[in-house]
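Q: Going down the list, the protein sequences come from chains S and P. Per this note's numbering, the first sequence starts with residue 1, numbered consecutively. Per this note's numbering, the second sequence starts with residue 1001, numbered consecutively.
By construction, these hints were calculated from the structure, which means they are not laboratory data. Source: prediction; values computed, not measured. Check each hint, because a few of them may be wrong.
What the hints assert, rightly or not - Below are the EDC-like pairs computed for lysine to aspartate or glutamate, each with C-alpha atoms no more than 20 Å apart in a straight line:
id: 1; chain 1: P; residue 1: 1013; chain 2: S; residue 2: 48
id: 2; chain 1: P; residue 1: 1003; chain 2: S; residue 2: 296
id: 3; chain 1: S; residue 1: 85; chain 2: P; residue 2: 1008
id: 4; chain 1: S; residue 1: 397; chain 2: S; residue 2: 298
id: 5; chain 1: P; residue 1: 1032; chain 2: S; residue 2: 303
id: 6; chain 1: S; residue 1: 397; chain 2: S; residue 2: 296
id: 7; chain 1: P; residue 1: 1030; chain 2: S; residue 2: 390
id: 8; chain 1: S; residue 1: 388; chain 2: P; residue 2: 1047
id: 9; chain 1: P; residue 1: 1032; chain 2: S; residue 2: 48
id: 10; chain 1: P; residue 1: 1003; chain 2: S; residue 2: 418
id: 11; chain 1: S; residue 1: 85; chain 2: P; residue 2: 1065
id: 12; chain 1: P; residue 1: 1003; chain 2: S; residue 2: 325
id: 13; chain 1: S; residue 1: 94; chain 2: S; residue 2: 45
id: 14; chain 1: S; residue 1: 63; chain 2: S; residue 2: 45
id: 15; chain 1: P; residue 1: 1032; chain 2: S; residue 2: 390
id: 16; chain 1: P; residue 1: 1003; chain 2: P; residue 2: 1015
id: 17; chain 1: S; residue 1: 336; chain 2: P; residue 2: 1008
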Amino acid sequence: MSAPFTDAVSIGEAVRSGATTAEQVTKEFLSRAQIANASLNAFHEIFESEAMEAARAVDAKVKAGKNPGPLAGVPMAVKDNLATKVGRTTCSSKMLEHYRSPFTATCVERLQAAGAVVIGKTNMDEFAMGSSTEHCAWGPVKNPWDTTRVPGGSSGGSAAAAAAGLCGFSLGSDTGGSIRQPASLCGCVGFKPTYGRVSRYGLVAFGSSLDQVGPLTRSVRDAALTYQVMAGLDDRDSTTADLAVEDPMKDLETPIAGLRVGVPKQYLSDANDAEVNAYVNEALQRLQKLGATLVEVDLPLTDIGISTYYVIAPAEASGNLARFDGIRYGHRAALKTGESLDTLYSRSRAEGFGPEVQRRIMLGTYVLSSGYYDAYYGRALRVRRLIKAEFDNAFTKCDVIAGPASPSPAFKFGGMNDPLQMYLCDVYTVNTNIAGLPAISLPIGFAKDGPHSLPIGIHLQAPAFADAKLLRAARMVEKLFPDLVRQAPHFS
Amino acid sequence: MAKLARLEIAPAKLEQYRGELANVLGHVAKLKSINVDGIEPLTSPVDSTNRLAADQPGATLSLEELFMNAPAVEGRFIAVPKVLAEENS
């Protein structure tokens, strides 16, 4: 078996059937991860001995005739804002450089119970704030298709690791596109489930009403399976939905008859890269040939999403990040004799947080301050209701809404020095979080740039809790591009 | 704003932030163009009702686990600089 090229489902099958062992698979992936990490910086930590131990436990189950779970022996990489007892949980921030979590996130625990093996923690934009993984205290992550370009963000390490085949799949978190945009830029599948579907227990909070955990994978069926394992009620996260999880694997291979694909005119804007629009159009044409109906829908509030998001997300972040005060955990600054407790807070936070985090905390503090609250935060929450209503209305005419995941393919390092310019890259993904919808990004083609092929992804959004249907639609799209290279060539 | 956010920022850096944040706030001002008369704020995207946990004691983390990330510990306490000095300053 050529492990790195197969997806998580096939690895699980091979381990369960005895065609290979979890130990063998884990060893191969650890070795690949260690070698590739020198050029990609996808991982902050790689857990060799712990991973091998977990793999042997899976093999022991297989040998004893016990069910090792659907993800038996599948190596998984975990974004570093998800708490794990193994190693550190740093959020790629100096603030948490030495932080060791006394517990493991629910989503990780469920995947481990299904047989998955944690092989490492991945680098990210600090506290998940960014779209390029350049704001990482442990150095930028490189795009495996062209290492002079960004992998996207904030789950850049997870996207690069999945796309380069350094893990069976990885976990990310998505507050405004942080799973889907890097998946698009790295050429893998990135799935953000409906808000409340996957427990956030153990996810370091950024924007609590927006955050959702999801997988980055090399196939849609991997996204479906890993989602199925993670999804569902968790007593430790009161925002998880008390609704039965529809089996996403059952009808995954069956195309949806009469699929109605909503195409908002706002999404195929002239401001997008021409190749991005061309590939999205190509995918839509192919879907139509397959029998799907293309429906024009109107989402005039698309553009206002960025303004709404960059009020709500920093507001929630400024509250969530107030806990990092240098007292109970995290970085504590040194004080001179006579300096106050207040100085301890301010200096610890100034030393521990990087510039982008500081910017967003100040932005959030500002929009929540008395005198500006109604004009910014209050107004953004009202616009949020309008954005959700606009989606609700569009979904009366279609089953999924399609468009690009990102206006352009991966950009060069330092290509977006102005924070606002970077924020504008999230135009097609933030409204999904504002409305709490499920969405997925999957590769459909490549832009050519000299010797490099830069992945382009399509973005599909669906109504809340229609996750299983969305995955089926994504599987239909995936089948339309059977010859697409799904593995970054330099790392094969 | 930096003071309110408890961030000790050098004056030169403060100027840079001021420019960048003004730029972002300028963009965000587009929100004013949307008519929100009579629209209620939406704080969470999904309807959720408050769920209460059963009032039963469960396993808790040990003191050792709780303290393992504390920057300074004295006995059973987390050590901090003098708090009372604050009131005199």
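Q: Check the structure against each numbered hint from earlier and tell me which ones fail, lowest number first.
A: 1, 2, 3, 9, 10 and 14
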